[in-house]
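Got chain B; can you put chain E on it based on the hints?
One letter stands for each residue in the lines below.
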Amino acid sequence: MIEIKDLHKSYHMGSNSLHVLKGINFSVKEGELVAIMGSSGSGKSTFLNILGMLDNLDEGEYLLDGVAIKNLNETKAANYRNKFLGFIFQSFNLINYKSAWENVALPLYYQGVNRKIRKETAIKHLESVGLGPWVNHLPSELSGGQKQRVAIARALAADPKVMLADEPTGALDSKTSHEVMDLIQKINDEGKTILVVTHEDDIAHMCKRIVHLKDGVIVQDTVVDQVRVTPYVQ
Amino acid sequence: MFNRDLWAEIFHSIKSNKLRTFLTGFSVAWGIFILVLLLASVDGMKNGFTKQFNDDATNSIFIYPGTTTKPYGGFEAGRRIQFDNDDIDFIRRSFEGYYEYITPRFTKSVTASFGSETGTYSVRSVNPDHQKIERTVIDKGRYINDADIRNTLKVVVIGKVVADELFKDVDPVGQNIILNKLSYRVIGVFSDDGNEREERNMYAPVSTIQRLYGNTRNIDQIALTYNPEFNFAEAINFSDNLEVVLKRRLIIDPEDQGALYFNNYAEQFSNVSNFTTMLSVISIGIGMLILIAGIVGIGNILVFIIKERTKEIGVRKALGAKPMDVIQLVLFESVFITSISGFVGMLFAMGLVALISPIVDAPAFSNPSVDGITVVTCTIVLVIAGVFAGLIPAIKAANVKPIVALRAD
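If you read the protein sequences in the order shown, they are chains B and E.
Going letter by letter, the first sequence gives residues 20 to 253 in the numbering used here.
Going letter by letter, the second sequence gives residues 140 to 548 in the numbering used here.
By construction, these hints were calculated from the structure, which means they are not laboratory data.
Treat the hints with care, as some may be off.
Below 35 angstroms or equal to it, Euclidean Cα-Cα: the simulated DSBU-like pairs (lysine-lysine) are [what the hints assert, rightly or not]:
| id | chain 1 | residue 1 | chain 2 | residue 2 |
| --- | --- | --- | --- | --- |
| 1 | B | Lys89 | E | Lys540 |
| 2 | B | Lys135 | E | Lys446 |
| 3 | B | Lys48 | E | Lys540 |
| 4 | E | Lys157 | B | Lys143 |
| 5 | B | Lys138 | E | Lys446 |
| 6 | E | Lys157 | B | Lys135 |
| 7 | B | Lys117 | E | Lys154 |
| 8 | B | Lys143 | E | Lys540 |
| 9 | E | Lys154 | B | Lys95 |
| 10 | E | Lys157 | B | Lys117 |
| 11 | E | Lys320 | E | Lys247 |
| 12 | E | Lys535 | B | Lys135 |
| 13 | E | Lys540 | B | Lys205 |
The shape of chain B in the complex, shown without the other chains:
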């Protein structure tokens, strides 16, 4: 699904240049659930941005579902993001004046899907994350865990090839963190490829594979025994 060879990325600030990613080789097969770990400054965010086509790579090769991702113009990048990728952010990034279903339907809006189908699809996804009764609520009327579930539904809405989650539990308490991870595991069970950036060990161990980044290179890449989340019984 994802094929990366010898990836380099530097940032230039005036005369200083910062070599962030120093030759990363990485591949992900369909249906994997991968945790990307690393301390801050290890380059994991830059890596995720490049995976998410939010940033360009300097050197190397990036194939996403067999499509070479390089030197994309803005419009093309937007199309690929829309078609291939679903994003989940630490701070949810819901649009605060749009209701839950409108937020979920946004990727479909940019695909040009008509409003009625958009609404149906959005509601279906919201129901699948257990938010059926909240479709018309604004983000401000939802709890943190609910917001993240709306964001997950939004990431699923366009049926992407890969879901990228950037610290999806970073802003949540441990109980809701586990709920969110439970949801991510279930989505993965259905065959979706998911990459989770995290710095928490227990969250990482809920994935099937852990990749450690340090100083711009992968220092460890291990397949682990997945810890299944047993949702707390109320």
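Leaving out everything else, chain E in the frame of chain B:
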């Protein structure tokens, strides 16, 4: 492009930011308000000037004799020029088809009395054409006619003020009035749109006055109107020709500036037209400048809005919004706010003008109004203004980097 969802997005963003939308719109509404008011004011001034001229026919030429300033043809400088009836006949003969009406005119101060009432007024000696040139309105009776001239009848047409002052409640028409100890019969009463002073005059047949006072054929002024089908250049040309011919006839140096005075309304009217056109241009200029301030204001506020919405725009781009989608969103919002608030400003201005217009009727300012052209122009200006105001912020928004926008704060 004009799909329902885009509008829904725009309404969403306007609805969720009512205050800043209001502030944004206000500057434009204000600009248009002032622009429309200025244009209406200029329109009012134009109407006022035109009305002033309407007192007299706008195609009038008045010729006054003066004193020669240059020796010519055996005469010394300083000779007084005197017109007489033959000069009128000469113009009639020589300029057939060029003039419309022509009349001699000279004014004499008289003491007038009726019964026990006495007053001092002016009598103008004229022929019937004068009514058309001065645009005299007859309220009662009739004006001087050709028979009065031919038979040198002692008749007068009196102004409304004269009638009020001397005759009080008596109907003046048919009464006898004493002018400088001679008895005249009042044949009509006139009023004048121009001003009240005009209504202190009386009109008498020129032949009668010439015979009674000095038995001369002398006249002081010649008033005429040129063919109304003439354009400005033709009118000026005619008046120049007339001057040359009259100077030759009266033996005046063609270069002499003091011997004859020509007062051509075409020239004055054209001056006034130029003046009001200039005013229009200036007021449009000022209005536009104010509007530009409004546009810059909108642009400024939109830039801040974009900054405020950077995160949202970043999210949208991460979810697949193309640069064009973002530009459209900002641009349409800008055009929408500008147009709506501009129309509000325009409606307010038009309402104010409609309210004031009937009240204001000063000599130089009357019936200010807003015409269709102004409305159409304003609309076009507003849409363009909206595009300009939104352009820079829109491009700025399109260039938002999702990674920068999404960086967890």
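Evaluation of the provided hints:
1. B:Lys89 <-> E:Lys540: holds (17 angstroms)
2. B:Lys135 <-> E:Lys446: The hint holds at about 32 angstroms.
3. B:Lys48 <-> E:Lys540: holds (29 angstroms)
4. E:Lys157 <-> B:Lys143: holds (33 angstroms)
5. B:Lys138 <-> E:Lys446: holds (30 angstroms)
6. E:Lys157 <-> B:Lys135: holds (28 angstroms)
7. B:Lys117 <-> E:Lys154: At roughly 11 angstroms apart (the allowed maximum being 35 angstroms), Lys154 of chain E and Lys117 of chain B satisfy the hint.
8. B:Lys143 <-> E:Lys540: Roughly 31 angstroms between the alpha carbons, so the hint for Lys143 of chain B and Lys540 of chain E holds.
9. E:Lys154 <-> B:Lys95: Roughly 32 angstroms separates the two Cα atoms, so the pair holds.
10. E:Lys157 <-> B:Lys117: holds (16 angstroms)
11. E:Lys320 <-> E:Lys247: holds (14 angstroms)
12. E:Lys535 <-> B:Lys135: holds (32 angstroms)
13. E:Lys540 <-> B:Lys205: Given pair Lys540 of chain E, Lys205 of chain B holds - Cα atoms ~32 angstroms apart, limit 35 angstroms.
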